[in-house]
Amino acid sequence: MVSLDWYVVLSLIIFFIGMFGFLSRRNIIMMLISIELMLNAVNISFVAYSHYIGDMAGHIMVFLIIAVAASEAAIGLALVILMVRNKETIFVDGLKELKW
Amino acid sequence: MELLWEISIIVIKIVVVVSVVMFHVAYATYFERKVIGRMQMRMGPKEVGPLGILQPVADGIKSFFKEDIIPLNSDKPVFYLAPVISIMAAMSALAVIPFFDGFIISNINLGILFILAMSSLGAYGIVLAGWASNSKYAFLGGLRSAAQVISYEVSLGLSLVGVMLLAGSFNLNDIVEAQSSSVFGFYAIPQILGFFVFIVSAVAETNRPPFDLPEAESELVAGYFAEYSGFRFALFMAAEYIGMIIMSSLAVLCFLGGWTVPYYVLYLFPFLGAVPGVVWFILKLYACIFFYYWIRATLPRFRYDQLMALGWKLLIPLSLLNILITGIAKLII
Amino acid sequence: MLNQIIFGYFAVTMISLALIVITRKNIMHSIVYMLILFFHIAGLYLFLNAEFLAAIQIIVYAGAIMVLFLFVIMLLNLREELRKSRFAITWPIGAIFVVLSAVMIIISVFGNRFANVGNVKISDIEKVGHTVAVGKLLFVEYLFPFEVASLILLVAIVGAIVLAKKEIK
Amino acid sequence: MEEYVKIVTRDRLYKDEMESLMTKFLFLEIVRGMRLTLKTMFKKPVTRRYPKEKRQAKPGFRGLHALVRNPETGNAKCVGCGLCAAMCPSKCIYIYTREGDNHEKVVERYEIEVLRCVYCSLCVEACPFQAIALTETYDYAAFSKQELFYTKDRLLKNWDDFMTEEKKKRYFESFWGPKTSFFRENESQATFKGKS
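Chains as they are written, first to last, in this note's numbering: chain G, -10 to 89; chain L, 766 to 1098; chain F, 3 to 171; chain A, 511 to 706.
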């Protein structure tokens, strides 16, 4: 039997990999992908906790998180399109001005 | 020991299903060429073997021995991977289809969801092929396919919700059982709206004419597989035909009663009860596949904006209406 | 023993896939690896008796969200990322921040263990099927969050259209 | 004009609003199309399977060349006047003559390069002796250029092979006989008209 701690550690590692990706990549689509990675890591820990504690609430949370992730991806990609249309780059370095 | 026995049974089932389906894929091409030929007052394949019956074998041998050309500036790993993703997504959906009573590779509770998931993965093969070929035609084909699959998956899934509501299960076996004990014997009559939406979206989902915009011959050469040749091209073709078989069997299982015959037909013609279930299944399957060819021979290709408008403005509202009606009816009865 | 081997395979593969995903120069490759990662996550859900979530994971994440990413990348058709460096110059600061928050979260997660244990047994879920169990809970106890989630999706649809639509002249 | 426009507009297709609406909602147009394709499926195909069943050429078809064999002498009718070669627009006829023992003209070689021929049949019209003909044969594809270079013997053989009695008669009576009576009456004399 695998203990719960292993699942939590796995989820944490993936979460921090995603976080590092979000903080250090400059490509905005890669940053969005890193966010998806982080959300997935959280999902893993939710499902693992739910399984070990014996409470279905975690599964519901995963369900809602997936819905939020879908809307986040839609809005994020719409913003990417807007950014490419205005700045013609997908690198966050391009967004230097505070106002335009 | 018992585990070994179970595993060997599953392996035997997989071998049987894959070989039978590949045989049917090969002869689905022959059937298509014959049917469309006759509809256009031609003859179709006739030279290889008696009545051209060996044509699929000749095609297979030809595509197997053709040169495998890889474009110079293509993204090679993705280029190699794309047809494999395509065929894998198509083939793995076969695992949950019950061909007759009790014959199913894996009887999981999420049969319909699994098939929907796999059919949506098929888009990856197409999109990645279009992107990796580094060619304008292939690229446009991939782009169109991505948009088309995203749009039509919604209505495909929603059209099946009515069936799920009536049967109360995702399991395809249970759905067939529920149908045979329902009033009409199959769900195509109470779910006529859902059936219509399902047919249209299934044709669009498998990129078949009149929704074959990703591979429109007259505008995009061959669309996403313009740069593929030889065996990889054959893999794409096989994936398309397996997708057709999957969608047809989903229609048969969810709307046409699977391997069962409605009880009133059996009451009228009792001798039909002696016909084994797999024969009914294959007959219904081929009727569906024939329908694919029939509309291919009849209808011209849709324009791209018409396709999107049909998906979002007609099919999705219709399927939502179907869910509403089914839910209310279920509540009342 | 078999459980541990399966978990070990999943853990090692998922971590290496996650590392590969965030270090690829080409976004397309990174998305392909992300797809494989999603499959592994779905496998892990199956391992944890959550079939419905595994199916949703593949349908929504792999089938819709990642295809949307692919679609946008192809729509923009940008090839400039291949010439630029992978990470921002400030990546060590990010790494330090990650390490600090890792320490903080690990202390808080492993320091306070949960007290209340739920009463749902795996055998109960297996008896009715995971879909039915989730559905009953979702539409009875968590109906309000479910409705809020649908509202969020509606807002996202409207917002995405408003943002990405070209102005009509 | 007004009437024409009215005919091609859509509302003439349906009797009233109701029928138009029904057509739209029940996809009657698509159903109609589907019925048509299903009907044609059971009709006889119009395909001719070419190498197996050959189509009879229409009378007057201009096909492979042949040199007419004189039934009395068993030799070619050609006297080597060179009119056909002179008239040929693609210059694909080569004629070589020499003086015979009795100071007559002997056609030594008569060759047609079939690949260059445009099948205008000016040679047939020019010939005062009806010595050259275009048969109704059309399938004589070959693998080399050499095979399509017809010498005198082969052209005579074409005559024997492809021009049977009845065909020969019909051919010359109805179609390719020289139209002027002048040539028909003076078989013994060849005159070069030149290009006019």
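A portion of the hints provided could be inaccurate.
With the Cβ distance kept under 10 Å, some of the chain L side facing chain F (calculated, not the full set) [what the hints assert, rightly or not]:
id	residue
1	A860
2	L881
3	S885
4	I915
5	I1060
As a list, the in silico DMTMM-like pairs of lysine to aspartate or glutamate whose alpha-carbon atoms are at most 25 Å apart [claimed, not checked]:
id	chain 1	residue 1	chain 2	residue 2
6	F	K167	G	D(-6)
7	A	K667	A	E646
8	L	K1078	F	E128
9	F	K27	G	E61
10	F	K138	L	E812
11	A	K562	L	E942
12	F	K27	L	D840
13	F	K167	G	E77
14	G	K76	G	D44
15	L	K1078	F	D126
Take a look, some chain L residues computed to stay more than 10 Å from chain F by CB distance [to be verified]:
id	residue
16	V783
17	I801
18	V843
19	G907
20	I964
Source of the hints: derived by calculation from the structure; they are not laboratory data. All residues carry an ideal CB built from backbone N, CA and C; glycine is no exception.
> Does I1060(L) pass the interface hint, meaning its C-beta sits closer than 10 Å to a C-beta of chain F?
Replying inline: Not OK, violated: I1060(L) not within 10 Å of chain F, min 26 Å.
> Has the given pair, K1078(L) with E128(F), been kept, meaning a C-alpha gap of at most 25 Å?
Replying inline: violated, 40 Å
>> With the threshold set at 25 Å, check whether the alpha-carbon distance from K27(F) to E61(G) stays at or below it.
In response: holds, 23 Å
> Taking 25 Å as the top limit, are the C-alpha atoms of K76(G) and D44(G) close enough?
Replying inline: violated, 48 Å
> Do the alpha carbons of K1078(L) and D126(F) lie within 25 Å of each other, as the hint requires?
Replying inline: violated, 42 Å
> With 10 Å as the cut and Cβ atoms as the points, is I915(L) at the interface with chain F?
Replying inline: Since the shortest Cβ distance to chain F is 6 Å, the answer is holds.
> Are A860(L) and chain F close enough, Cβ to Cβ, to be under 10 Å, as the hint says?
Replying inline: violated, 14 Å
>> At 10 Å, judged by beta carbons, does V783(L) keep clear of chain F as stated?
In response: Its Cβ never comes within 10 Å of chain F, the nearest being 21 Å, so this holds.
>> Need the status of pair K562(A), E942(L): alpha-carbon distance at most 25 Å?
In response: Violated. K562(A) to E942(L) sits at ~54 Å, over the 25 Å cutoff.
>> Run the distance test for K167(F) versus D(-6)(G): straight-line Cα separation, threshold 25 Å.
In response: Violated, because 47 Å separates the two Cα atoms, which is more than 25 Å.
>> Does E646(A) sit within 25 Å of K667(A), going by the straight-line distance between their CA atoms?
In response: holds, 14 Å
>> Next pair to validate is K27(F) with D840(L); report whether the Cα-Cα distance is within 25 Å.
In response: Roughly 13 Å separates the two Cα atoms, so the pair holds.
Hints 1, 5, 6, 8, 10, 11, 14, 15, 18, 19 from the earlier list are contradicted by this structure; the remaining hints agree with it.
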